[in-house]
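Following the hints, put chain B in place on chain A, whose structure we already have.
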Amino acid sequence: MYEILLFVVSILAGFVGSILGIGGGMIVVPFLTLALGVDIRYAVAASLISIVATSSGAAASFLRDRLTNVRVAIFLSVGTVFGAITGFLISSWINSSVLYLVFGGFLVFSIVMMFRRREDIRAQSDHPWSRRLKLAGEAPNAIGKLESYNVDHVPLGLFWMYFAGILSALLGIGSGVLKVLAMDGAMKLPIKVSSATSNFMIGVTATASAGAYFVKGDVHPEIAAPVAVGILMGSWVGARVMVRMKPIVIRRLFIVLLSIVALQMIKKGLGL
Amino acid sequence: MKQNGSIEVATAKVLKFGVLIAGALLLLGWLTQIRFSENVFLSFQSYDSSNFVGSLQEAWSSGQWGVLVSYLGLAVLISLPMVRVIMTGRVFLRDKEYLMVASVALVVIGLILGVSLGFGFDH
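Heads up: the sequence lines are chains A and B, in that order. Letter by letter, the first sequence follows residues 1 to 272 in my numbering. Letter by letter, the second sequence follows residues 1 to 123 in my numbering.
Treat the hints as calculated values from the structure; they're not laboratory data. Using N, Cα and C, we set each Cβ at its ideal position, and we do this for glycine too. A few of these clues could be false.
[What the hints assert, rightly or not] With a straight-line Cα cutoff of 25 Å, these simulated SDA-like cross-link-like pairs (lysine to any residue) come out:
1) A:K145 - A:F159
2) A:K267 - A:L253
3) A:K134 - B:L99
4) A:K268 - B:S43
5) A:K134 - B:A102
6) A:K134 - B:R90
7) A:K145 - B:A12
8) A:K134 - A:G105
9) A:K134 - A:A186
[As the list claims (entries may be wrong)] Selected chain B positions facing chain A (in silico; Cβ < 7 Å):
10) F17
11) F36
12) S46
13) Y47
14) L117
15) G118
[As the list claims (entries may be wrong)] Label-pair distances were calculated between CB atoms; the ranges are:
16) B:S62 - A:R252: 48 to 54 Å
17) A:I255 - B:Q57: 45 to 51 Å
18) B:W65 - A:I4: 19 to 25 Å
Just chain A, with the same shape it has in the complex:
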């Protein structure tokens, strides 16, 4: 019965996640811990599996759209993968209550970021690292015409990705919110390119820590299977109905829900 409940919630998480452009981990981890009483370490491990699934599932369409900047994705993945390893090592020593507090804090940050207006500001110059690695590319503009773009602040982006990788492994999230912040905020990539590139990196980052948790024995099929299959199904449906939906209503409801969850996670972390 509880497994079916988890499956249904995971479908909803995948559905809402794909409409709002966020991962299902922000919904599934709090549900597993607060509603079902599962230890946060098991919840994080199961959530990472679902992140790998949704990232790989969505990759097919992103690759076809030619929006992913594979060079940027690979180069920045060096930062996220080693960040994920660091996060995995930290999680092996850190107290569960600290994880609840960090998770609650990250949810508050995500809520603030949901109010951020993403602006498509193009970099005027190409960073020397970008020139060396040929990171600049082309993407369709508002009228569908291909337009070239530069890549700025590459070292800052790489450092930011290391931090995103740590949080991903610690909290079982894709940390897409941090990745797109670095890519379209600091590195000045076009918004669509940064979203598609972030999706590539989310899967690779999650694999580094999901693989470690898997062989460590923290991934239990009883939790991971309904979560991964549910989120995959929900995101598949969500991607098909999103063009007919008004995300603003869902976004407002989700912000209220996320605020309550953030408060509960912080309370649990503080032992209140």
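Just chain B, lined up with the frame of chain A:
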């Protein structure tokens, strides 16, 4: 990357097919294990560092093929992004883009290191 369209399409197909296979294995394994009458999550309320190899051996010896199928699905899923990175690396290697090949190699080393560390913690 020059003329990488066909490899992108091939990568997209591998990922799509891989996710379908992994999802089907996970669903099949899970459906055979569902216990409606009890709350399976009670046993996960406190953290107990488990043993991955031991869990596999136990499932094998007790004939719990549903658990084994689930683990197979998980393994397929986890390997997909690695396959994606390696397929991308092949393109860079073909185009003699050695800085990007080095980046790919670092990512792959990181992924292998991650799994190896997990084994180090497997009690």
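Hints, verified against the model:
1. Under the criterion of a C-alpha separation no larger than 25 Å, the hint pairing K145 of chain A with F159 of chain A is inconsistent with the structure, at around 32 Å.
2. Between the alpha carbons of K267 of chain A and L253 of chain A the distance comes to roughly 21 Å, so the proposed pair stays at or under 25 Å and holds.
3. Between K134 of chain A and L99 of chain B the CA atoms are separated by roughly 10 Å; this keeps the pair inside 25 Å, and the hint holds.
4. Proposed proximity of K268 of chain A and S43 of chain B is supported: the alpha carbons are some 20 Å apart, at most 25 Å.
5. Only pairs whose Cα atoms come within 25 Å are accepted, and K134 of chain A paired with A102 of chain B is accepted, the gap being roughly 14 Å.
6. Simply put, K134 of chain A and R90 of chain B have alpha-carbon atoms about 17 Å apart, close enough for the 25 Å limit, and the pair holds.
7. In summary, the hint linking K145 of chain A to A12 of chain B is supported, as the alpha carbons are separated by about 24 Å, within the 25 Å threshold.
8. This hinted pair does not check out: K134 of chain A and G105 of chain A have alpha carbons roughly 37 Å apart, beyond 25 Å.
9. At roughly 18 Å between alpha-carbon atoms, K134 of chain A and A186 of chain A fall within 25 Å of each other, so this suggested pair holds.
10. Hint status for F17 of chain B: violated, given a least beta-carbon distance of 9 Å to chain A, over 7 Å.
11. Hint status for F36 of chain B: holds, given a least beta-carbon distance of 6 Å to chain A, under 7 Å.
12. The criterion of a C-beta within 7 Å of any C-beta in chain A is met by S46 of chain B, whose closest approach is roughly 6 Å, and the hint holds.
13. Hint status for Y47 of chain B relative to chain A: holds, with the closest Cβ pair at about 4 Å, below 7 Å.
14. Hint status for L117 of chain B: holds, given a least beta-carbon distance of 5 Å to chain A, under 7 Å.
15. Proximity of G118 of chain B to chain A holds as hinted, the smallest CB-CB distance being about 4 Å (cut-off 7 Å).
16. Hint check: S62 of chain B to R252 of chain A, Cβ distance near 50 Å, so the stated range 48 to 54 Å holds.
17. In this structure, I255 of chain A and Q57 of chain B meet the distance hint of 45 to 51 Å, their C-beta atoms being roughly 47 Å apart.
18. In this structure the hint that W65 of chain B and I4 of chain A lie 19 to 25 Å apart at CB holds, the actual value being about 22 Å.
Violation of the numbered hints given earlier is confined to hints 1, 8, 10; the remaining hints are satisfied by the structure.
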